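Visitor: Now for the letters of each chain:
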Amino acid sequence: MTTVATQIKLTPEHNARPGASVRSRLQDALPKIVLAPSFAITIVFVYGFILWTVYLSFTNSKTFPSYAITGSRAYQRLWRWTFESDPPSSWYTSITNMGIFGFLYIFICLALGLFLAILLDQKIRGEGVLRPIYLYPMALSFIVTGVAWKWFLDPGLGLEQTLHQWGWTSFHFDWIKNKDFVIYTVVIAGVWQASGFIMAMFLAGLRGIDGEIMKAAQIDGATTFQLYRRIVIPLLRPVFLSAFIVLAHLAIKSYDLVVALTSGGPGGSAWLPSNFMYEYTFKRNEMAVGSASAVIMLMTITAIIVPYLYSELRERPR
Amino acid sequence: MSVIATPARQSTGGVSARTVNRIVIYGLLALFALFYLMPLFVMLVTSFKTMDEIQNGNMLALPQAPTFEPWLKAWGETCVGLTCAGIKGYFWNSIKMVIPAVLISTLLGALNGYVLTKWRFRGHTLVFGLMLFACFIPFQSVLLPMATILGSLGRFGVTLRNATGLSFGLGNPTVNLVFVHVVYGLGFTTLFFRNYYEAFPTELVKAAQVDGASFFQIFRRIMLPNSMPIFVVTVIYQFTNIWNDFLFASAYAGTGDAMPMTVALNNVVNTSTGVVEYNVNMAAAMIAALPTLLVYVVAGRYFVRGLMAGAVKG
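Chains as they are written, first to last, in our numbering: chain A, 2 to 319; chain B, 136 to 449.
Don't read these hints as lab results, they were simulated from the structure.
Where chain B lies over chain A, by a calculated footprint (3+ residues, C-beta under 8 Å):
(1) 138–145
(2) 148–161
Far from chain A by the CB rule (all over 12 Å, computed), these chain B residues:
(3) Ile234
(4) Ser302
(5) Asn307
(6) Val310
(7) Pro360
Calculated from the model, a selection of chain A residues having no Cβ within reach of chain B, i.e. all distances over 10 Å:
(8) Gln77
(9) His173
(10) Ala217
From a predicted model like this one, the values you see are computed outputs, not experimental measurements.
C-beta atoms are modelled at their ideal positions from N, C-alpha and C, and glycine is treated no differently.
Pulled out of the complex, with its shape left as it was, chain A reads as follows (with noise of 0.2 Å):
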């Protein structure tokens, strides 16, 4: 902020001599023309397109885009379709396994999180080793996650196959061939990508605690576990915060994961809202039907985002 006003001082001085004068000007505003291309594009690209969709949305598309305005036909039928559970509508099931996978994937990952970073915490020989096995599942693509537990859940092939060897004939476990239970093996897949990454923020938050804090806890005689429930974890209030956030978004993100590990589950039992629209948009040739759900999905993410964001960037007065 004071380096523009350093600038405007120094501006006189360029003045007195002729011919300096455009060029100055045009260093005063070289950092606002660098900045403006990226501008632009996220003005048009990201929030123009947005509106674009939103509009698309309350028109008739269906294979092709068409611009007459028709009124809210897509949200009523997706009002319509969200109370239409037997049989369950593809909205229907949509929404109740975003419900489910949404819950159970931030609850878990957030859980064995903490749990995980807990005991890495305890003076553990050989962390170097177990951290980076525990978090590299985050650098693989959902495609590669996806194949690689399909393969693993698969009922002929996988873990159920391999107990049946080892003698226990009575294990059975189809969640991947079952529609009620697809989307837990979704659920299952998510937690191992991204739970190891929640740990790697939470260990950071453990140790940044001040070691005193702790010590006088410790005299004071409290068990280590009063010392994390009343100690440790309040002060991890703002890690949880952020992992909830990136959890959040991710679930409601979560695409490629269904796709790959389900190809959509039997009857589309797998469905997220994100596959809802893809299908609607590019397959179903209903576009207006999904855009509204893409909106749908946005003002969810914004919902939880833009608080966040707000309170992010209003904390540091500068």
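Could you slot chain B onto chain A? The hints should help.
Guide: Showing chain B alone in chain A's frame:
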């Protein structure tokens, strides 16, 4: 700040309780290590087995007669859709897409971060906030307009080629994907560099200004030489994200010869014609995973730092 590990002074706890404690901790850690390693292990051993061994053997068993055949087949012969020339072409597609996209978005991010911290203007927070929010949008909300625009650019490219003999990359799926990844990666790269430059001493910049250094001179001579760590973090982050992307890739290059690796892999695995060759599928998946795994092994520290920077804003 470990707690369980430091009861050295309160020796009344007894050695045996402590030992049990340690055994439980190590046991749990080892168990979870197995959980995380299992899928990769299964993928790896399966990719070295013959189909015979897969059908009759145990998933967890090591290959009895390790064969490199599935890898060669995945690389050079397996069918992606109707073309049976392996995944090598798609691997190169991904490389051709990733390198320019990473370089352009990183460089732009560096410049943006520099402006947003050292050349602040009124409303800089709003500008940054708007760019930052773009990181979080579900890409479904821009997917369709982008498809429409890329479609018209492609048609314009055809017109242009008919007129001048050159299409200037318009309508080329790889060019399209580079563009898309630059556009939707800008928020992240700007965030990384902004946060890094925020901590960079402004006095140095001011001193250079007083000495008459220009905007770009300061960037090149002062900022860039001190930006190595954040460049590494950003490049790794972008590389991983773009290499692993599936949504844009399948929407804008989902068929034909320009498919990136992720789409090709999904096609290989979900092809239903003929006998499913699991070993080849696993080898293909390993090949798709190798570049990012390699980056992770070589520069894991920076990879984690990038993820963290993406998680902790402001």
